[in-house]
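So the sequences go chain by chain: C and W.
Residue 75 in the working numbering sits at position 81 of the first sequence; the count goes up by one each step and never skips.
Take any residue in the second sequence, note its place counting from 1, add 511, and you have its number in the working numbering.
Honestly, I wouldn't trust all of these hints.
[Said to hold, decoys possible] When the alpha-carbon atoms are kept at most 35 Å apart in a straight line, the in silico DSBU-like pairs for lysine-lysine are as follows: (1) W:Lys589 to C:Lys51; (2) C:Lys61 to W:Lys589; (3) W:Lys564 to W:Lys589.
[Said to hold, decoys possible] Covered stretches of chain W, going by a simulated chain C footprint (3 or more residues, C-beta under 8 Å): (4) 550 to 556; (5) 613 to 624.
No lab work stands behind these hints: they were computed from the structure.
Just so you know, even glycine gets a beta-carbon here, dropped at the ideal spot from N, CA and C.
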Amino acid sequence: QQKVQQSPESLSVPEGGMASLNCTSSDRNFQYFWWYRQHSGEGPKALMSIFSDGDKKEGRFTAHLNKASLHVSLHIRDSQPSDSALYFCAADYYAQGLTFGLGTRVSVFP
Amino acid sequence: GPKVLQIPSHQIIDMGQMVTLNCDPVSNHLYFYWYKQILGQQMEFLVNFYNGKVMEKSKLFKDQFSVERPDGSYFTLKIQPTALEDSAVYFCASSGTVNNQAPLFGEGTRLSVL
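Make a model of the complete structure from these sequences and hints.
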């Protein structure tokens, strides 16, 4: 079983719409969650981290963490074509290197 | 902004040969990582490195793999000998500290083992 599970596998969103991505850890011993975005042919780039319960907003991106349920989500408001990419949730389990989920592929259509 | 540079961007070699992937991390970073990605899918942790030593390694980090950063130069991943299943994109990352600093990734080296 994946230690970090992401859903859905893929997501199509109309331009200007909201994309919602989910991630769950099977291990309670994490420090932080990171969201990374990877465009085709490039390396992943960090979007934001979250480690406290509740919401964290950065521009059009909002992350939400519920430590009790080990669940973190990412919401992309006003989706743009440039948001089309592979999104990874990654958990930091205390100096073990980041453990990535399988990713959610987001496609924004006009 | 700061960048992690990976050289070369693409390497093609015959199975059984040795290959060295080079990474030029951000100059003041202290922690270095290698990840493996197959077919644009999951990023899989291989190893992390600090103060000249391997700190953690995964099951994917086979005996044929080794890492080093001699004299603060390139952080390298060596595979000797290579196998067909080593074909993947290898990403190097570096960070200043372990806590709450996102590892910064390079653009990757695509390794094709024939």
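Here is what the structure says about each hint:
1. W:Lys589 to C:Lys51: violated (41 Å)
2. C:Lys61 to W:Lys589: At roughly 39 Å apart (the allowed maximum being 35 Å), Lys589 (chain W) and Lys61 (chain C) break the hint.
3. W:Lys564 to W:Lys589: holds (15 Å)
4. 550 to 556: Coverage by chain C holds for the segment 550 to 556 of chain W (6 residues, Cβ < 8 Å).
5. 613 to 624: holds (count 7)
Going through the hint list in order, the structure does not satisfy hints 1 and 2.
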